[in-house]
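As you go down the protein sequences, you meet chains C and E in turn.
Position 11 (the first sequence) corresponds to 11 in our numbering; numbering is contiguous.
Position 90 (the second sequence) corresponds to 90 in our numbering; numbering is contiguous.
If several chains are the same, the list does not tell them apart, and a pair holds so long as it fits within one copy or across any two.
Here are the computed lysine-lysine pairs in the DSBU-like style, where the Cα-Cα straight-line distance is at most 30 Å: (1) 192 x 109; (2) 122 x 109; (3) 54 x 109.
If you're looking for bench data, these hints aren't it; they were derived computationally from the structure.
There are 2 protein chains.
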Amino acid sequence: MWTLYHFPLCAFSRSIRLALGEYAWEVTLDEQRPWQVSRDFLEVNPAGYVPVLKGPSELRICGAYAISEYLADTSGRPGRGGRRENTLFPGKAEARAEVRRLVDWFHRKFDEEAGRCILEEKLYQRYPEARRTPDPELIRLGRENLRYHLSYVSYLAHHRDWLAGERMSFADLAAAAHLSVMDYLEEVPWEKYPEAKEWYARVKSRPSFRPLLGDRLTVLAPPAHYADLDF
Amino acid sequence: MWTLYHFPLCAFSRSIRLALGEYAWEVTLDEQRPWQVSRDFLEVNPAGYVPVLKGPSELRICGAYAISEYLADTSGRPGRGGRRENTLFPGKAEARAEVRRLVDWFHRKFDEEAGRCILEEKLYQRYPEARRTPDPELIRLGRENLRYHLSYVSYLAHHRDWLAGERMSFADLAAAAHLSVMDYLEEVPWEKYPEAKEWYARVKSRPSFRPLLGDRLTVLAPPAHYADLDF
Numbered sequence: 001m002w003t004l005y006h007f008p009l010c011a012f013s014r015s016i017r018l019a020l021g022e023y024a025w026e027v028t029l030d031e032q033r034p035w036q037v038s039r040d041f042l043e044v045n046p047a048g049y050v051p052v053l054k055g056p057s058e059l060r061i062c063g064a065y066a067i068s069e070y071l072a073d074t075s076g077r078p079g080r081g082g083r084r085e086n087t088l089f090p091g092k093a094e095a096r097a098e099v100r101r102l103v104d105w106f107h108r109k110f111d112e113e114a115g116r117c118i119l120e121e122k123l124y125q126r127y128p129e130a131r132r133t134p135d136p137e138l139i140r141l142g143r144e145n146l147r148y149h150l151s152y153v154s155y156l157a158h159h160r161d162w163l164a165g166e167r168m169s170f171a172d173l174a175a176a177a178h179l180s181v182m183d184y185l186e187e188v189p190w191e192k193y194p195e196a197k198e199w200y201a202r203v204k205s206r207p208s209f210r211p212l213l214g215d216r217l218t219v220l221a222p223p224a225h226y227a228d229l230d231f
Numbered sequence: 001m002w003t004l005y006h007f008p009l010c011a012f013s014r015s016i017r018l019a020l021g022e023y024a025w026e027v028t029l030d031e032q033r034p035w036q037v038s039r040d041f042l043e044v045n046p047a048g049y050v051p052v053l054k055g056p057s058e059l060r061i062c063g064a065y066a067i068s069e070y071l072a073d074t075s076g077r078p079g080r081g082g083r084r085e086n087t088l089f090p091g092k093a094e095a096r097a098e099v100r101r102l103v104d105w106f107h108r109k110f111d112e113e114a115g116r117c118i119l120e121e122k123l124y125q126r127y128p129e130a131r132r133t134p135d136p137e138l139i140r141l142g143r144e145n146l147r148y149h150l151s152y153v154s155y156l157a158h159h160r161d162w163l164a165g166e167r168m169s170f171a172d173l174a175a176a177a178h179l180s181v182m183d184y185l186e187e188v189p190w191e192k193y194p195e196a197k198e199w200y201a202r203v204k205s206r207p208s209f210r211p212l213l214g215d216r217l218t219v220l221a222p223p224a225h226y227a228d229l230d231f
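Model the full assembly from the supplied sequences, consistent with the hints where possible.
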């Protein structure tokens, strides 16, 4: 049996929960709090962060990068030219590079410029042991950057079927994971970005998304539209 | 002909220059300054960062993640089970996951906790258009974290032939790229970490490393030992 160490509002963990759902992998979830890293968890991942996929015997796959590629390496079926087909990194090397460019965009750029500041200021403040002095400038900047990222998603959704091209890929899941955290925190002005909204509605209606829509933190409930497929 | 947009002391760019050297890919280098992103460069990579590998016609591979995987996808030779052999992500899926865990360690954790603070405080200050108010607390913290990361490299080098296992991989190149930037800035107390030093000396003596040892910024020269293989 496989276990995924995660935190419900960690976008990296969410991207992997979505990928696991798409590949139809059954896992048990083990919740960790990113600001309270236990000794036991450091044994699992010395880097101290989620997600971690724990497999049979001593196997530990640490971090969204390693897990997303591992799932692609071991799922789908061997195809032509040493490539695996039916994975979340579809197509030829050039197409896969475009998927990875966008995964990097969300897992690195979006996270640093928008996601992390908003999450820390809006959520972590609600946990006494994680609380820091709030920084209104940080959340203002995060919100401003979020709008720029939403424009970019709209631009991509306008020009393509899915964010990286003709097929759904891990780029869609990574982007949707980050935006779903912002949506839980009621930070996404969807009505201003109709193309991003239409794309998000498509990802949100996939069966792999359902478990995320059921997440509820005791310290903060999501807005009513969060779990609504017709938001 | 291929072009690599890079900045000489960008660790992400360096990791790709090393990988290109290992795969024996000839590229032309085009230097960019990370703090001065031109409109022309934003056309190349809307994310605004280096490295970017520009190929024939419209092909642009953006970011160290996409480039490192693209090079592996298109180099080596097709092997058993849909796997490519003789790449910088060697072995089975589990072994490759370990390579990627460590790449993530350096490209994300090391960069955030040590590399970026030290680079900005020590180098960027020397460019009038990039200068900010120096923050002595930031560089102190970066140096403290650098020691922790050096201990981890020593630990890995003690237990394994190469950082991720029996074979040299992109994990070694990513780690050496980040440490080589710190070394240029004379920030690495090698004598306190003999196992890390022995491993670094092995990576440093590879032909792929030679171009990096020749880098010289006009605003700041490296220490004498920087290019010395018997440092």
